[in-house]
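Just so you know, the sequences run in chain order A and B.
Letter by letter, the first sequence follows residues 1 to 337 in our numbering.
Letter by letter, the second sequence follows residues 1 to 337 in our numbering.
If you're looking for bench data, these hints aren't it; they were derived computationally from the structure.
Check before you lean on any hint, since a few could be wrong.
Copies of one chain are not kept apart here, so a pair can be met inside one copy or by any two copies together.
Stated by the list, open to error - Think about it this way: if two alpha-carbon atoms lie no more than 25 Å apart in a straight line, the pair counts; the simulated DMTMM-like pairs of lysine to aspartate or glutamate are: (1) Lys270 / Glu141; (2) Lys13 / Asp114; (3) Lys331 / Asp278; (4) Lys199 / Asp284; (5) Lys270 / Glu181; (6) Lys13 / Asp213; (7) Lys331 / Asp11; (8) Lys199 / Glu303; (9) Lys270 / Asp225.
Number of protein chains: 2
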Amino acid sequence: MKLVALKSSIDRKPRADDFTIVETAAPECPEGSVLARVVYVSLDPYVGSRIRGRHMGEAPPSPMEEAIPGAVIAQVTQSRSPDYAEGDYVFSMDGGWAEYVALDAGACRKIDPDAAPLRANLGVLGMPGLTAWAGITQLAEVGAGDIVLVDAAAGTVGGAVGQISRLNGASRVVGIAGGPEKCALVENTYGFDACIDYKSDGWRDRLAAALPDGLTVFFENVSADMAMIALGHAQPYARGVLCGLVDAYHTEEQATHPLNAGFIIGKRAKVMGLVVYDFYPCWDEFAAEAAPWVRDGRLQVAEDIVNGLENASALFEKLMDGRNIGKCLVKVSDEAA
Amino acid sequence: MKLVALKSSIDRKPRADDFTIVETAAPECPEGSVLARVVYVSLDPYVGSRIRGRHMGEAPPSPMEEAIPGAVIAQVTQSRSPDYAEGDYVFSMDGGWAEYVALDAGACRKIDPDAAPLRANLGVLGMPGLTAWAGITQLAEVGAGDIVLVDAAAGTVGGAVGQISRLNGASRVVGIAGGPEKCALVENTYGFDACIDYKSDGWRDRLAAALPDGLTVFFENVSADMAMIALGHAQPYARGVLCGLVDAYHTEEQATHPLNAGFIIGKRAKVMGLVVYDFYPCWDEFAAEAAPWVRDGRLQVAEDIVNGLENASALFEKLMDGRNIGKCLVKVSDEAA
Numbered sequence: 001m002k003l004v005a006l007k008s009s010i011d012r013k014p015r016a017d018d019f020t021i022v023e024t025a026a027p028e029c030p031e032g033s034v035l036a037r038v039v040y041v042s043l044d045p046y047v048g049s050r051i052r053g054r055h056m057g058e059a060p061p062s063p064m065e066e067a068i069p070g071a072v073i074a075q076v077t078q079s080r081s082p083d084y085a086e087g088d089y090v091f092s093m094d095g096g097w098a099e100y101v102a103l104d105a106g107a108c109r110k111i112d113p114d115a116a117p118l119r120a121n122l123g124v125l126g127m128p129g130l131t132a133w134a135g136i137t138q139l140a141e142v143g144a145g146d147i148v149l150v151d152a153a154a155g156t157v158g159g160a161v162g163q164i165s166r167l168n169g170a171s172r173v174v175g176i177a178g179g180p181e182k183c184a185l186v187e188n189t190y191g192f193d194a195c196i197d198y199k200s201d202g203w204r205d206r207l208a209a210a211l212p213d214g215l216t217v218f219f220e221n222v223s224a225d226m227a228m229i230a231l232g233h234a235q236p237y238a239r240g241v242l243c244g245l246v247d248a249y250h251t252e253e254q255a256t257h258p259l260n261a262g263f264i265i266g267k268r269a270k271v272m273g274l275v276v277y278d279f280y281p282c283w284d285e286f287a288a289e290a291a292p293w294v295r296d297g298r299l300q301v302a303e304d305i306v307n308g309l310e311n312a313s314a315l316f317e318k319l320m321d322g323r324n325i326g327k328c329l330v331k332v333s334d335e336a337a
Numbered sequence: 001m002k003l004v005a006l007k008s009s010i011d012r013k014p015r016a017d018d019f020t021i022v023e024t025a026a027p028e029c030p031e032g033s034v035l036a037r038v039v040y041v042s043l044d045p046y047v048g049s050r051i052r053g054r055h056m057g058e059a060p061p062s063p064m065e066e067a068i069p070g071a072v073i074a075q076v077t078q079s080r081s082p083d084y085a086e087g088d089y090v091f092s093m094d095g096g097w098a099e100y101v102a103l104d105a106g107a108c109r110k111i112d113p114d115a116a117p118l119r120a121n122l123g124v125l126g127m128p129g130l131t132a133w134a135g136i137t138q139l140a141e142v143g144a145g146d147i148v149l150v151d152a153a154a155g156t157v158g159g160a161v162g163q164i165s166r167l168n169g170a171s172r173v174v175g176i177a178g179g180p181e182k183c184a185l186v187e188n189t190y191g192f193d194a195c196i197d198y199k200s201d202g203w204r205d206r207l208a209a210a211l212p213d214g215l216t217v218f219f220e221n222v223s224a225d226m227a228m229i230a231l232g233h234a235q236p237y238a239r240g241v242l243c244g245l246v247d248a249y250h251t252e253e254q255a256t257h258p259l260n261a262g263f264i265i266g267k268r269a270k271v272m273g274l275v276v277y278d279f280y281p282c283w284d285e286f287a288a289e290a291a292p293w294v295r296d297g298r299l300q301v302a303e304d305i306v307n308g309l310e311n312a313s314a315l316f317e318k319l320m321d322g323r324n325i326g327k328c329l330v331k332v333s334d335e336a337a
C-alpha cells in the first residue's frame, strides 16, 4: 500500500516537496484493533507542528517510514474488536495519510453513512463542528436575540459557529475573515449578516458599523488580539469563548496572548476556555442534532478536496500558507468498497 | 460645622498634612434632598485617586472649600424628600469628611439601626460586603465542596469572600495577604483554613501546599498577576471572579493587567468580571441574608476606627501606605442623636 511520509526530519514550516509517497506493507491488525481502508484524510494546521515534534509532546513520524498523522474516515476491512464489523465506517483522530490504517478500537467512533455525507464527519459533524456546537450551546448558551461575532469565520469551526448560533436563535451573526473571497463565502454560503475582511483598510470601522448594537457573544478562534477587539464591542455581560492559542495552554506567562483583565471587568464579561476533548461524551448528542441540519443544507462548510494521496502534500502547503478556502480533505479511495 | 478639605491641589499620593479642617456653614438642603448628621465616614483607597481627579472622570474637591468625598452613615436632621423622615439613618456614597452633608434622596439607602451595628453598613453589610456576596453567590455560585482562593484576604472584600464562601458550603477557603499580622487575622478571626503571606520567602510553595487539591473558585481582588497565579492552581472548569484593576476598565490595551488567554483555555476556566454597581438592586436581598450573620459573628471584619474628623487624615495616610488592618472608619459623631 501507499502512504505519505516525510523525506527527512524538518524544523520549519513544511513545504509540499518535504513529503513523498512510500510503498510499504499494509499494517498489522493486533487484538483490539481494526484494519481500515482510508476514504478521506483531514488536513489540519496542528499537523504542521506535530511533524516538527511541537504538538503536545508527541514524537514526529519517522521519515520514509511512518505516515503523516491525520484524522480519517475509513471503512473496516478486518476487525479484531467485538465493537466493529467488516464494512463499518469509522472516524479516528489516530489515522494517517495512507491507504490503510490500523486503529485501536477505543480510538474509533462509528459513523452512520446514511445520516449525512461521509466526509461531513471530518468537518461540520466532526471535531470542528463539535467545537463550534460546544462553545455555542454548552458554554455561551446562545439563544434568541444574541448578537454573535466569530473570527476565522470562513474556517470550519468559525463557519459552524455562525450557522449553529443562527439555528439557536441568534438575531445577528457577524464574522471576521481574511480576504474578499473568504468573506463572500461567509456571507453568501454560510448566511452570516456580515463578514469583515481584516486585511482591508478601515476594517475596524466597518466592524463597528456591522455591530451597531455591539455583541452579546464572541467566539475567539485565532488570537487574544481578536478577543480584545471583540471585547471592545461587547455589551455588558457578554459571554466570550476562547478556543485558539493551543501553544499557550500550559504556561502561566502572561505576555503570551494577553487579555486585559481590567477590560473584562469593565465589560462585566464572562470569558470561558473551550477544549473540545472535554465534549467527546456529547458527540452522539451533537451528531444527532446536527445531521439533519447538514442534510437539508442549514449547516454547510466549503471544502477544498483533492483526489489521491499524491496530491496531499500540495494541498497541505496551501493550508500552511492560508490559501485554502474551507475544510481541506484528501479523498484516498471510493466511499463504497 | 467642620469639614476636612485639601489645603491645595495635589498630583501625588496624599499625605496626612495635605488635609486641614475648615469651618463653614452647614450645607443647604434643596428640594428632594436630606440634610444629615454624619456618624461614620468610610476611608477608601479610590479616594486617593479621586482627589487627584483620576477616578472615573470626576473633578477633585476644591481646596479649602469642599469636603473630601466619602461614603457615610448619617442621621437625617432635615428632610425635603417624602422618602425620609427626621431621625432616619441613611447610607450614601455621596457623603464626605464633614459633620453634616446634604444628600440627594435618590443617592441614599435607608439603614435599619437594629439589624446590625450601624458601622457594618459601611463594611460587611455595605459595598464591600455586597461585592463579595455578588461574586460568590451570583457569579461564581459557590456551593458545597468548592475550594476558594482570594487575595487581599485581610481586606473587607477579601475577608467577606472567604466567610461568605464558607457560609455557602465551600469545603476549603484559602487567603493571600501581606504580612504575618494580616494573615493571623484572616486565619483566626475570619476562620480561613490558611492564609499565605505573599511577602515571605517561599510563599508560592506554601500556597501550593495549602491547595493540595487545587482550587475550584478564585476571587481576584488585586492584580492580574494574582489571577494568573490562581489559574495555575485551578482545577479544570474553575470559575474566577475579576474584581480589582479599576484603572483599566476602559482600555483595550492588552499589556495592562494581562491574563494569558491560552492558559484560560487550557484550564477550561470561566473568568467573570464583577462591577458592584450592577448589584445595587440586590442590596436589600443581600442585607437581609447577611445581617443575621453579622449579628451572630459569622461574618466579621476588623476595623481601624479613629474618633473625630481631626484624625481622619492620619488614618488615610496609613491606608494609602497599606499599614491599616481592616476597614478604615472615622467616627464623626455619636450614633444616637
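Evaluation of the provided hints:
Both within a single protomer and between protomers do Lys270 and Glu141 lie at most 25 Å apart by alpha-carbon distance, with minima of 12 Å and 13 Å respectively. Neither within a single protomer nor between protomers do Lys13 and Asp114 lie at most 25 Å apart by alpha-carbon distance, with minima of 38 Å and 72 Å respectively. Proximity of Lys331 and Asp278 under a CA criterion of 25 Å is satisfied in neither setting, with 29 Å inside one chain copy and 55 Å between copies. In this assembly of identical chains, the alpha carbons of Lys199 and Asp284 never lie at most 25 Å apart, being 38 Å within a copy and 51 Å across copies at closest.
In this assembly of identical chains, Lys270 and Glu181 lie within 25 Å of each other by CA distance neither inside one copy nor across copies; the values are 33 Å within and 35 Å between. In this homomeric assembly, Lys13 and Asp213 never come within 25 Å of each other (Cα to Cα): the closest approach is 41 Å inside a single copy and 40 Å across copies. Taking the shortest Cα distances, Lys331 and Asp11 never come within 25 Å of each other, neither inside one copy (28 Å) nor across copies (69 Å). In this assembly of identical chains, Lys199 and Glu303 lie within 25 Å of each other by CA distance solely inside one copy; the values are 22 Å within and 57 Å between copies.
Proximity of Lys270 and Asp225 under a CA criterion of 25 Å is satisfied in both settings, with 17 Å inside one chain copy and 19 Å between copies.
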